[in-house]
Amino acid sequence: MAKKHILFECQACGNQQSKWLGKCPECGSWDSFVELKQEQIKLLKELNSLSNTPSSAVCINDVIAENFTRISTDDNELDLVLGGGLVVGSLVLIGGSPGVGKSTLLLKIASNLAKSGKKVLYVSGEESKSQIKLRADRLNANCENLFLLTELCLEDILSELSKKDYEILIIDSIQTLYSNKITSAAGSITQVREITFELMRYSKANNISTFIIGHITKDGAIAGPRILEHMVDVVLYFEGDANKEIRILRGFKNRFGNISEVGIFEMTSKGLISAKDIANRFFTRGKAVSGSALSVVMEGSRALILEIQALVCESTYPKRSATGYEKNRLDMLIALLERKLEIPLGHYDVFINVSGGVKISETAADLAVVAAIISSFKNRPLSKDSVFVGELSLNGEIKEVFSLDVRLKEAKMQKFKNAIVPVKPMEELGLKCFVAKELREVLEWM
Numbered sequence: 005m006a007k008k009h010i011l012f013e014c015q016a017c018g019n020q021q022s023k024w025l026g027k028c029p030e031c032g033s034w035d036s037f038v039e040l041k042q043e044q045i046k047l048l049k050e051l052n053s054l055s056n057t058p059s060s061a062v063c064i065n066d067v068i069a070e071n072f073t074r075i076s077t078d079d080n081e082l083d084l085v086l087g088g089g090l091v092v093g094s095l096v097l098i099g100g101s102p103g104v105g106k107s108t109l110l111l112k113i114a115s116n117l118a119k120s121g122k123k124v125l126y127v128s129g130e131e132s133k134s135q136i137k138l139r140a141d142r143l144n145a146n147c148e149n150l151f152l153l154t155e156l157c158l159e160d161i162l163s164e165l166s167k168k169d170y171e172i173l174i175i176d177s178i179q180t181l182y183s184n185k186i187t188s189a190a191g192s193i194t195q196v197r198e199i200t201f202e203l204m205r206y207s208k209a210n211n212i213s214t215f216i217i218g219h220i221t222k223d224g225a226i227a228g229p230r231i232l233e234h235m236v237d238v239v240l241y242f243e244g245d246a247n248k249e250i251r252i253l254r255g256f257k258n259r260f261g262n263i264s265e266v267g268i269f270e271m272t273s274k275g276l277i278s279a280k281d282i283a284n285r286f287f288t289r290g291k292a293v294s295g296s297a298l299s300v301v302m303e304g305s306r307a308l309i310l311e312i313q314a315l316v317c318e319s320t321y322p323k324r325s326a327t328g329y330e331k332n333r334l335d336m337l338i339a340l341l342e343r344k345l346e347i348p349l350g351h352y353d354v355f356i357n358v359s360g361g362v363k364i365s366e367t368a369a370d371l372a373v374v375a376a377i378i379s380s381f382k383n384r385p386l387s388k389d390s391v392f393v394g395e396l397s398l399n400g401e402i403k404e405v406f407s408l409d410v411r412l413k414e415a416k417m418q419k420f421k422n423a424i425v426p427v428k429p430m431e432e433l434g435l436k437c438f439v440a441k442e443l444r445e446v447l448e449w450m
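Position 43 of the sequence shown, counting from 1, maps to 47 under my numbering, and the rest follow consecutively.
It cannot be assumed that every hint is accurate.
[Claimed, not checked] In silico BS3-like pairs for lysine-lysine, Cα to Cα no more than 25 Å straight-line:
1. K119 x K208
2. K274 x K119
3. K257 x K363
4. K441 x K291
5. K323 x K291
6. K441 x K382
7. K382 x K291
8. K208 x K257
9. K119 x K133
10. K388 x K419
11. K41 x K185
No lab work stands behind these hints, which were simulated from the structure alone.
Could you put the whole structure together from the sequences, leaning on the hints where they help?
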């Protein structure tokens, strides 16, 4: 008698083992391994055989480059993140925390595409038709070419797709669907993998552009196996506090464009709209206060002026906290201040906050962070007409940053007068630029 094949799968990341483990070696989750049934193991083998079909090598000179057809979503910010529009037959995965506006955005996009003549099927496994209708009335998203389907079974969704010539499919959300081929519960690793594979196969075969909404875990990653992100063409993350009006859409994967661009949206009573004037949303002008410095960071091709706020106060048990800024980099800058400028921060709490809910992912704001900390420590206000741009090295040198001219042009447009920079800009911009090569020179300027 043939030996029964046993396979365990982690329900957090999809890691597979031949025996049960208490802790997943891949993601570190505890008690997450579940034994797969023989039907599920058979399905996995079928999926692997389909994805690992061998092919013969072809000379690159004989390959004909494929021209992708793009569809405008009638939303400038989303088109920018997608690389110029929605590619026909592509799979776009959108993740984000609950309440950030994923369903609101896609319902509006569905309406825009339907008004342009495309047949759109909006599938919801979380809301009823009446709930979606109420949101559509608020968003003014009613259209003859927009069809609603509240269904959880994948086979029934594919059956509906075959009845009409749909060009756009929206799934809200992938974790609520299930397939009759699999006996595990909806949202399980096996279900998510099978459903995504079937949607990809059907979309590519019928040139249907598909949006998939995915839940995220407490760590901020899209729930399900990492293969889910590998299978789709585009992965977007929606960021922002549900209590604030600004939302940021970032691209983490795009097979049809770059991922450096971000889309900025504003939540209004009529839903999410493209933020047309966001230049002055992330800083305040007025009376100079201690612990506040301004910097210019790049989000894709867009320059944003951000206010860095710092609070330094004496404490018996010093704490360091950063909101919107990398904590490890803050610790490095504090050590640099203690070493190079002999500022005794060892007995002080240091708190850093980036206004507007933006997360800084580059090092050009180092100079502004240091300036804000010194300003708060010495209780010395900094001018609201100055911006700080520069990266700090471990030896206290101020390094050059990319796109300096673009940053300073934005500062000039916002009527700033001074800029503390590592080098002079290549062209005259009408700003007073104070060149600082070392951190000590910035302290002398302050």
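Hint check results:
1. A C-alpha spacing of about 24 Å is found between K119 and K208, which places the hinted pair at or below 25 Å, so the restraint holds.
2. With a C-alpha separation of about 17 Å, the suggested pair K274 and K119 falls inside the 25 Å cut-off, and the hint holds.
3. Annotation: proposed proximity of K257 to K363 holds, straight-line Cα distance about 19 Å (limit 25 Å).
4. Between K441 and K291 the CA atoms are separated by roughly 29 Å; this puts the pair beyond 25 Å, and the hint is violated.
5. The hinted pair formed by K323 and K291 fails the criterion: a straight-line CA distance of about 29 Å is larger than 25 Å.
6. For the hint linking K441 to K382, the alpha-carbon distance of about 22 Å falls within 25 Å, and the restraint holds.
7. Using a Cα cut-off of 25 Å, the hinted pair K382 and K291 holds, with the two alpha carbons roughly 17 Å apart.
8. Distance restraint check for K208 and K257: the Cα-Cα separation of roughly 18 Å lies within the 25 Å cut-off, and the hinted pair is therefore satisfied.
9. Our distance criterion of 25 Å between C-alpha atoms is met by K119 and K133, whose separation comes to about 20 Å.
10. Straight-line distance between C-alpha atoms of K388 and K419 comes to about 10 Å, which keeps the hinted pair within the 25 Å bound.
11. With a C-alpha separation of about 12 Å, the suggested pair K41 and K185 falls inside the 25 Å cut-off, and the hint holds.
In summary, the structure is inconsistent with hints 4, 5 from the numbered list given earlier, while agreeing with the others.
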